[in-house]
Amino acid sequence: MKNKSYWLALLCMLAFYMLIVSACFKQSANASYNIRFGDSIISIKNFRKLHNMGMVEFIGQPLVIEGTVVANDEHDNLYKSISVQDITGGIIVQLDGQALYQTYPVGALIRINTQNLFLSDYRRMVQLVGAVDTSSGSLVTSGIPSPLFSKYIKIVNDNAPITPLVVGYKNLGDSLQGRLIQINAVEFSAADTGQTYADKKNKIGVSRSLKFCTGGTIYLRTSGYADFAGAKTQPGNGIVIGVYSVFNTEKQLLLRDTNDILLTGRRCTGAAWLQNLPQNGSKLSN
Amino acid sequence: MKKHTFLLCILLILVCKISFGQEQNEEKLLEQNEQSINRFDWIPSLLNANSNPLYNAVIYNGSNIAWTLRGERHPASVIDGISWESPLQSWRPGDLYAGLQNEFHSTGVSVNGAFSEQSYSTHSTVIYKSAEIQDVKKILSINTSFSNTANTNMLKVHYVNGLNAYKWRQSIGVILQQSPPGFVVNGFKENVGLVFGMDKDFHNNRKFGFSIVWNNASQTKASTTVSETYALSGSKSYQPSWGWYHQQLYFPNTKQTNAPVLHLRFQKNWGESTYLKLNTALVIGTQSQSSLEWTKTADPRPDYYRYLPSYILDTFMRKELTDWYMQHPEQLQMQFDKMEKINQSSFDKQSFYIVNKQNSNLLLLHGSILFSHAITPTFYLSAGSNYAFDEIHYYNTIKDLLGGSYYYNFNGWINDDGSVSSFQNDVVHPDRKIKQGERWGADYLMRAFQFKPWVQFYKEGAVIETTFGMGFGLQGIQRVGYNRNGLFPSNSNGISDLILSPSYDFKGQLVYKISGRLYVRSILFSEWAAPSDDLIYINPALHAITSPYKNTEVSNGVDCSIFYRAPLLKIAASVFWKSKANQCFQKMFYHDAYAAFVYGLLGQMNTTASGIETSIETSLLSNMQLSFVSTLSKNCITNNPQYQLLYVNDIHPLETGVLNLKALPATNSPSLVNALSIQYQPLYSVRIGATVLYAQERPIAIDYFRRSDMVKNKIDAFSWSKLLQPSFLPDVCIVNAFLSKSFQQKMARKLFRWSASVSVRNILNSFVPVIAYEQTRFDYVHFSTNKYAQKFLMDQGVNYSFRIQLQIQ
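Going down the list, the sequences are from chains P and F.
Reminder that position 155 of the first sequence reads as 155 in the numbering used here, one-by-one numbering, no gaps.
Reminder that position 471 of the second sequence reads as 471 in the numbering used here, one-by-one numbering, no gaps.
No lab work stands behind these hints, which were simulated from the structure alone.
Each hint should be verified, as a subset may be incorrect.
As the list claims (entries may be wrong) - For lysine-lysine, the following DSS-like pairs were computed, each having C-alpha atoms within a straight-line distance of at most 25 Å: (1) F:296 to P:203; (2) F:296 to P:80; (3) F:349 to P:80; (4) F:357 to F:255.
Claimed, not checked - If you want the footprint, here are the derived chain P segments under chain F, 3+ residues with CB under 8 Å: (5) 101-107; (6) 125-132; (7) 137-147.
Stated by the list, open to error - Computed spacing ranges between beta-carbons, pair by pair: (8) F:227 to P:170: 53 to 63 Å; (9) F:719 to P:158: 44 to 54 Å; (10) P:167 to F:346: 45 to 55 Å; (11) F:420 to P:170: 35 to 45 Å.
The C-beta atom is built at its ideal place from N, Cα and C for all residues, glycine as well.
Put together the whole structure using the sequences plus the hints.
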């Protein structure tokens with residue numbers, strides 16, 4: 001009898017416990033959503049034509065551009081932006097996020113729904129931006145907010161092939177903005193040889209002039225935040241790959257990293273650069 | 001006898017065996033420094049209330065509004081004569097007992113700084129508990145409860161063996177607490193607790209007993225967030241600290257405790273008025289907490305200020321982002337699948353996001369000696385000492401690489417100075433790739449001892465009672481570093497100097513009995529307290545450099561009370577004043593103007609707490625009791641303390657000066673709280689109770705460093721005047737209630753006592769911020785007070801608990 005009451009009591013409590021517990025579990029599920037990207041893809045060249053220099057255009061139509069990421073912030077030479085190109089042209093896309101290279105690595109084929117975004121330019125460099133603000137009296141642009149990346153950008157393919165476009169000095173023009181280009185037979189000017197790419201200590205960007213053996217100058221622009229900002233410019237002659245950009249009328253090239261520079265050949269402009277050799281006279285090739 | 005000795009040995013062996021057993025990341029620091037929140041530990045337990053109405057109101061009803069007495073954050077707790085107060089601060093004494101607190105019976109509560117015969121303390125509120133087994137009959141009690149808090153399901157079994165043939169009393173208690181992920185959306189809890197105790201009386205003048213308390217718990221931690229995310233989520237229960245991972249809920253922020261406690265107690269009586277108590281407690285075990293870490297990647301917190309609509313200047317884009325969050329609430333949680341993809345994106349799967357586990361191996365020995373003797377029938381002397389030897393070994397392990405294969409042993413909490421070794425956590429083994437489960441980061445041990453002898457005298461007279469007590473203390477603290485980091489290679493490894501700090505205190509009490517029912521009492525005290533390790537060392541995880549403000553804290557206080565105690569009416573009123581001088585504080589944070597991590601050190605701060613506390617208890621009817629408690633207090637800073645900002649990489653001063661804190665609140669306890677409780681007993685077996693609490697003028701905890709002269713000179717006058725004004729939360733009204741029913745039946749010579757209860761907290765579903773504070777990060781560039789908004793943790797609203805208990809005797 002004693003045992004019976006005891007087990008009866010326990011059973012009652014257990015039943016109460018189980019009843020409440022089982023009634024109160026709830027199922028969890030990961031909600032998913034799909035972003036619709038328009039089917040009508042416009043070429044980047046045609047998309048850029050929507051812009052008038054010095055103006056800001058609001059994209060009200062569901063225009064989609066598709067292109068390959070050719071440069072990003074992996075080495076901090078680009079800040080909060082990526083460069084996207086298709087076979088017709090390229091464009092800088094401002095994204096208000098960090099470590100963009102992890103989400104949009106070089107070689108990623110992406111589609112950008114540009115509806116509700118803006119086309120603007122900074123010193124004639126055309127860019128796609130998320131928002132513009134003129135309340136301070138000057139034009140301030142900002143990138144697409146990080147939480148909205150997935151709304152505007154869709155990754156189609158992670159490993160699209162990229163081949164830089166080989167161009168000569170005479171071919172450098174605004175149509176190449178944002179594109180990955182390769183220039184051959186160039187070398188740093190005497191004054192800029194053996195110098196750091198930028199002022200890493202004070203985080204100040206610097207332009208170094210690259211001379212074409214055939215005549216003409218393009219400036220290699222490097223941010224003071226770039227992880228290679230403290231590296232020295234090479235003394236030789238050769239190939240440089242980078243994203244073509246402009247600063248007003250100045251033609252510029254943005255390096256992705258120092259692997260984009262291959263200046264191992266003999267210089268074509270004499271030995272004036274030797275004046276920049278270190279005092280200890282360390283031996284340099286060529 | 002042999003059987004019991006054998007059992008004791010087995011248990012001891014078991015216990016021993018078990019217990020051995022950069023810019024982009026600046027804000028995560030703030031999160032780590034935020035207060036650890038245990039709100040889900042709170043179970044409505046009005047039925048366990050103490051007889052002191054002020055204590056009941058504060059402890060059982062005031063916890064979610066930060067209602068504290070006299071500026072003290074927590075009441076001191078003494079368990080079997082052991083206080084777990086330690087010179088080492090970075091551990092959680094409360095978690096040693098957690099769900100097992102109720103296995104200890106209360107032996108008294110000392111409020112308003114009153115003397116106690118159980119120990120000597122200068123704390124205003126001290127709770128005394130014991131595990132000593134008092135029952136001499138066999139009792140089995142089984143409790144089960146269900147609630148919508150972290151202790152969703154609870155089952156507790158307690159068995160007292162009674163007095164056996166050898167005069168041993170034994171008890172064993174087991175508790176299981178659990179809250180499954182998905183029920184309480186903010187987390188989970190798993191807790192298995194065990195208490196085993198034995199006590200024996202020898203010749204009626206000696207008592208020996210021991211208890212083993214083992215609490216093995218794992219639970220999630222809640223996080224604070226800004227009001228904007230509460231609004232976007234539309235929920236008071238919103239938590240930014242969890243997310244989805246492989247379509248399952250994933251909680252990176254957790255805490256664990258696995259540290260058994262052995263209590264030994266001995267008492268020897270000489271006659272009725274002289275006794276000696278010896279208590280010792282040993283803890284050997286581990287406490288840990290896990291949290292998300294990241295390096296050189298995007299901030300994963302969904303409530304990071306740059307991800308919120310308020311950060312967007314453009315109206316259209318701000319609205320678009322707001323709508324986006326409304327349509328996709330899952331975006332307000334952490335995205336672990338995305339983190340995994342990033343961790344797997346590099347060719348060798350370098351993890352950029354990990355879940356880190358900070359471990360603390362505890363080896364703590366605390367003890368107390370208490371000797372009490374009646375020199376004459378009206379003159380008592382008690383003397384004793386508390387002692388502690390503590391060692392805590394801190395180290396990190398990687399709990400989860402989140403899909404990656406390794407994490408570099410680098411310190412992400414320093415400023416990039418271009419040096420190749422600065423960020424190395426271990427220059428002896430640089431660039432080490434850490435696998436899951438392996439150690440990384442800081443590795444050091446803190447060692448401390450404390451010895452506090454004291455004496456108190458009590459003289460009883462027909463009209464006047466006087467008590468006087470004094471104590472002396474000596475503590476020593478030392479750091480032992482086990483790795484040599486890149487920033488401080490000569491100061492991170494090895495044994496540091498032993499830092500000795502004395503302490504003193506005096507306390508006097510005078511009671512004047514106007515009549516048998518009416519008496520007045522005054523208490524005076526002074527205390528010189530030694531600083532704890534978190535105030536002595538600037539950052540012991542990195543080096544053994546000490547703070548310039550590691551001074552002795554001086555407290556003085558006075559309390560005048562009047563008591564009226566009649567059978568139907570009890571009134572108590574106290575007026576108090578308490579000052580604390582030489583207080584210090586330190587915190588590491590990201591400073592926008594210097595664009596660098598800095599240590600903020602504050603020193604020589606003085607505060608006062610003054611006010612009136614009243615309580616009235618009356619029995620309106622024979623079955624109805626009413627109590628009213630009111631506290632009116634002012635806790636404020638009384639001077640403008642000094643401060644220093646030090647560069648994290650080399651401790652060089654960036655800024656020194658004065659902080660304009662005078663007259664700002666020193667705590668965030670409400671200035672005025674009124675609580676009315678009613679208990680009605682319509683039948684002997686039925687009790688109904690309710691408490692209505694109304695709190696006013698609760699300040700938001702302030703950030704000290706933004707109120708510096710440096711800011712004063714740069715900010716506009718209006719903004720500065722706003723900084724000098726305290727911000728208050730809205731007044732709040734909370735109603736809590738309970739109902740209990742019990743009955744008993746006798747069957748087969750056994751007495752079955754059943755009781756059931758239901759308690760409901762915050763019936764009005766009031767909007768109650770449990771925690772509210774200004775972030776340490778401040779816009780030192782443009783001085784916008786909105787950029788880094790205040791942070792909150794909201795009370796979940798109505799919560800309930802059903803409980804059933806069966807006791808078989």
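Right, here's what the structure says about each hint:
{"no.": "1", "hint": "F:296 to P:203", "result": "holds, 18 Å"}
{"no.": "2", "hint": "F:296 to P:80", "result": "holds, 14 Å"}
{"no.": "3", "hint": "F:349 to P:80", "result": "holds, 24 Å"}
{"no.": "4", "hint": "F:357 to F:255", "result": "holds, 9 Å"}
{"no.": "5", "hint": "101-107", "result": "holds (count 3)"}
{"no.": "6", "hint": "125-132", "result": "holds (count 3)"}
{"no.": "7", "hint": "137-147", "result": "holds (count 5)"}
{"no.": "8", "hint": "F:227 to P:170: 53 to 63 Å", "result": "holds, 59 Å"}
{"no.": "9", "hint": "F:719 to P:158: 44 to 54 Å", "result": "holds, 48 Å"}
{"no.": "10", "hint": "P:167 to F:346: 45 to 55 Å", "result": "violated, 32 Å"}
{"no.": "11", "hint": "F:420 to P:170: 35 to 45 Å", "result": "holds, 43 Å"}
In this structure, the one hint that does not hold is number 10.
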